[in-house]
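Got chain A; can you put chains B, C and D with the ligands on it based on the hints?
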Amino acid sequence: MSGLQDLYREIILDHYRAPRNRGELPVPPAHLVEGFNPLCGDEVVLYLEVEDGVVTDVKTAGQGCSISQASTSMMSAAVKGKPVDDARALIRAFKALMSIHESKLEGAEETDLSADLEGVRLGDLEALQGVVKFPVRIKCATLAWNVLQQGLDETAAESEA
Amino acid sequence: MSGLQDLYREIILDHYRAPRNRGELPVPPAHLVEGFNPLCGDEVVLYLEVEDGVVTDVKTAGQGCSISQASTSMMSAAVKGKPVDDARALIRAFKALMSIHESKLEGAEETDLSADLEGVRLGDLEALQGVVKFPVRIKCATLAWNVLQQGLDETAAESEA
Amino acid sequence: MMSATTSTLDVARIQADFPILARTVNGKRLVYLDSASSAQKPEAVLAAMDRIYRESYANVHRGVYTIAEEATAAFEAARTKVARFIGATDSREIVFTRNATEAINLVAYSWARANLREGDVIVLSHLEHHANVVPWHILRQERGVEIRWIPITADQRLDLDGLDDLLDGAKLLAITAMSNVTGTIVDVAGLAARARAAGAHVLVDGCQAVPQMPVDVHAWDADFVAFSSHKLLGPAGIGALWARAELLEAMPPFMGGGEMIRDVTTEGFLPNDIPWKFEAGTPAIAEAVGMGAAVDYLQAIGMDTVRAHERALTQYALDALADRFGDRLTVYGPAGADDRGGVISFLFDEIHAHDVSQVVDEEGVCVRAGHHCAKPLMRQLGVPATTRASFGVYNDRADADALVEALAKAEAFFAI
Amino acid sequence: MMSATTSTLDVARIQADFPILARTVNGKRLVYLDSASSAQKPEAVLAAMDRIYRESYANVHRGVYTIAEEATAAFEAARTKVARFIGATDSREIVFTRNATEAINLVAYSWARANLREGDVIVLSHLEHHANVVPWHILRQERGVEIRWIPITADQRLDLDGLDDLLDGAKLLAITAMSNVTGTIVDVAGLAARARAAGAHVLVDGCQAVPQMPVDVHAWDADFVAFSSHKLLGPAGIGALWARAELLEAMPPFMGGGEMIRDVTTEGFLPNDIPWKFEAGTPAIAEAVGMGAAVDYLQAIGMDTVRAHERALTQYALDALADRFGDRLTVYGPAGADDRGGVISFLFDEIHAHDVSQVVDEEGVCVRAGHHCAKPLMRQLGVPATTRASFGVYNDRADADALVEALAKAEAFFAI
Ligand SMILES: Cc1ncc(COP(=O)(O)O)c(C=O)c1O
Ligand SMILES: Cc1ncc(COP(=O)(O)O)c(C=O)c1O
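Residue numbers (the numbering used here), protein chains in the order written: chain A, 48 to 208; chain B, 48 to 208; chain C, -13 to 402; chain D, -13 to 402.
Careful, some of the hints might be misleading.
[As the list claims (entries may be wrong)] Computed from the model, here is a short list of chain B residues facing chain D with C-beta under 7 Å:
1) 51
2) 87
3) 92
4) 103
5) 108
6) 113
[What the hints assert, rightly or not] From chain D, some residues computed to sit far from chain A (all C-beta separations above 10 Å):
7) -2
8) 14
9) 49
10) 59
11) 133
12) 150
13) 175
The hints are simulated quantities; they were obtained by calculation from the structure and are not laboratory data. Yeah, the Cβ is synthetic: ideal placement off N, Cα and C, and Gly gets one too.
Next up, chain A with everything else stripped away, as it sits in the complex (with noise of 0.2 Å):
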């Protein structure tokens, strides 16, 4: 079971057991945002609070396989009292990480993406490198990086507004 091993890291697994940051907050202030992985169900649920370009607050409920919501709870983890800018960096530095594998699988061209990694420390979140070996995984584990995004779009358009 080696590629197992490789996949199903121990951190991922303890993410998965006793995932950070789950909860709810109150919509508004905070904002809800909620993606699908279309392949196998997996819910990805979002309460994102952002002050002064600052992600003061991150919630997170849904369910899915242990690959999606270890990500998420990595992910709130990982974002929870960082600037936006940061965040940003974390979710293009994530992608990243995936996307060598996930654009031969969808077919979408190749770009060079090595220069979104640099400088940006990914932590714990490098655990999910395995889960490129199993192209279909891919998006479980961007799942959740998804719903970042378009939750940081959505409240930077609101206070636009």
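Below, chains B, C and D with the ligands alone, put in the same frame as chain A:
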């Protein structure tokens, strides 16, 4: 070219080169009916005069391949002056002649059609039997007969109305 | 192959007909348990398609030359085979589509748009696959029809208590004959009779039933039946709509193009005869021939034998799962195999369906995890996903055993 | 196979790649001259499809197990190949359909129904195939759009004198890039520029152009391009719509079912991302892979080389026909091969197209007779049918010579 000689019997080529009953009839009293072969664009136009249950006059127009036009010519000669009932018996007999193969091609269920052939004198029309070896051409041969059938049905409906 | 009167399948012999079963995954033999999603293909099907391409390939219905005639004859012969396979007596009633999904959309775009108006009622069930849900949602958005849902019981059968109320004033009952999630077999004939009594037309999603049991569209007394070749041991890329000839005759065309016309001018067009009226453009030629070869293959086995095999193997697997995992594993659907096809959906209390599927793949066992394109049903089950094992004619008890062993490994892997 | 820089084709070597060319008809070698209707398939395409079925067949996008991942990867890799083949930079812009016909119907049902209203204008040409006529007739019946027709010249080119008037107020120009009857090559980029200036969207029927010449959808500046695999040396049963991503994003779904959804409830549904939003149900999996293998094969030859070959062979055949039959044979389309693809339609004064085709088949020569799904054009030509010979990469001068000899026999046979 033995297969071809079977398809293009001399009598067929004769009807093709010198079609009988070409022309038009005033509508009304004549009835006008047209048919197409969607495969090749062959066109058969029929002017039909029916009085007291007799096909008193027939004229034909249209254009198409030797088989469709020869069949039209032979049909017109065969039914002109005949009682409608005899014309209908001829339609059934002619289709029976063609149908063994047509049903195979189109996947229709095979039914016993020999009854339709019994007691009907096809005469010259039998020359068209070679067509069954060329399944795609069967529609060329039957086109005129389908048009005739439609014409007889329509005149019957009109006289009832 | 077995004769139609034999009731047990010589699975070892059948397996030898399926080239892919010789392959290994991660060094393990391939245990393919996802036939409800798509079935593997026997050599006879692959050979029939290959032969067309190597010997008689040409566009159909368009050429008078020899290979075009051969291709056309093979294509139309396949239509007749498919018609007979489901008890249809008129092969003009078979419209070739890409898949069952297109077959249902064809009915939604052509028949329903011509016959249903705002407020008209369509009755579906909570067991339906998205293919028999979304076309009606699209129609509702466009036309404002009303959709009513037949609920399900705790063991995922249809709950028919309120059926007459649901059918009251309905124009269409669109129902699956067998759930692709729980395997639940639906009493189509019984439902169709009640739908007809209420004045509704009946569409049957035969995707799962047609490959697994004897089907007779007239015994069902249906108006429309949709199914796919790829679940029937045939190639993907082709499926069929069966519909009563008089309905097809009256329906407006769906897609426009070559083949479906009798005449075209700059002013308009005249449609072709059925079934070609609904087959616009160049069809899937080799695939039709492959589908014909697939029904030949199944008919040689005998659909009664297929059904007996599915039932016996499903019962065996249900028992084996219960023995090994007890309450830790929830199995959905009717309790016994008599009322279900060869499909078993299940869920460990603590392990997500997706993760289970991943771990058992390591053992060469292919099972599907997800919502199985039946999200309304998933919501009824109260879960986002299940793991599903499903059986084909090439599966045997050793495959069910392999599943149980692989699941035990998954359970151990995710144990806290 | 030749490299992309070589400009003449080693046809003998190419022929060896096409298994069907080894067969005989009536004891004569097969001279296949109906590639405009459907092309033959090289071994590489057949092998790619066979390999999927024998090694990696499973439904796509649905399973996490190994063979499902392999099938999905092969399917999506084919999409990327097809995208690159026509110069698209984003493979999400390729929607797999059954054929070009469905691709155009998709635009008519989805984009046009969302964007066109009663009285809106669609501009077509008299060169169009029914696939690019009938969907618009159906739309006109439903929505009351107006269809205007670009007329043709005496040698069957587009007559562009009145184009600006025709385009005035138009919402869509839907035009073939190459006639399947006369071979006329249309200046798509020029027309598209004028259409855009008039505010119209541009749909290109690339069925004949994509297999025969280098195509770049961005150089054309088109919005939609439809084409079929089966004319491109690939299998039937699959085709593609290329469309700009932002258009696809904005378009409503066409068919509903599995794969095209993000979520489904009893109340409604959310569509999936592009391109899957438009791919309802199980797709033609092996066929997509086969289409990918076909574009690989053509790309290895080089589309410039393919075009040069078509031009040279067409010119040779035009000359040979004129030499042998003179005025007795009417040949349609532009006089020289520079402005036409590898398609030649012709008619003997006294012999019907159908009969000619039948007689030359006796010599093993496959040519098509009929209206070629272009009845509006046939009416312009003033004939019900023509005979048509068309060339593929596997044809050579010996094939053109065989055509001329066979036609001479037909002429003799029907001589009075
Ligand atoms: C120019 C043109 N457009 C459209 C089509 C339709 O292609 P298909 O039948 O593959 O949908 C064809 C081929 O028949 C064609 O030649
Ligand atoms: C019950 C049922 N209906 C419809 C479908 C859709 O079939 P297809 O994807 O072949 O159109 C399926 C299979 O996925 C099914 O199981």
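Looking back at the hints listed earlier, which ones does the structure fail to meet?
-> 3, 4, 5, 9 and 10
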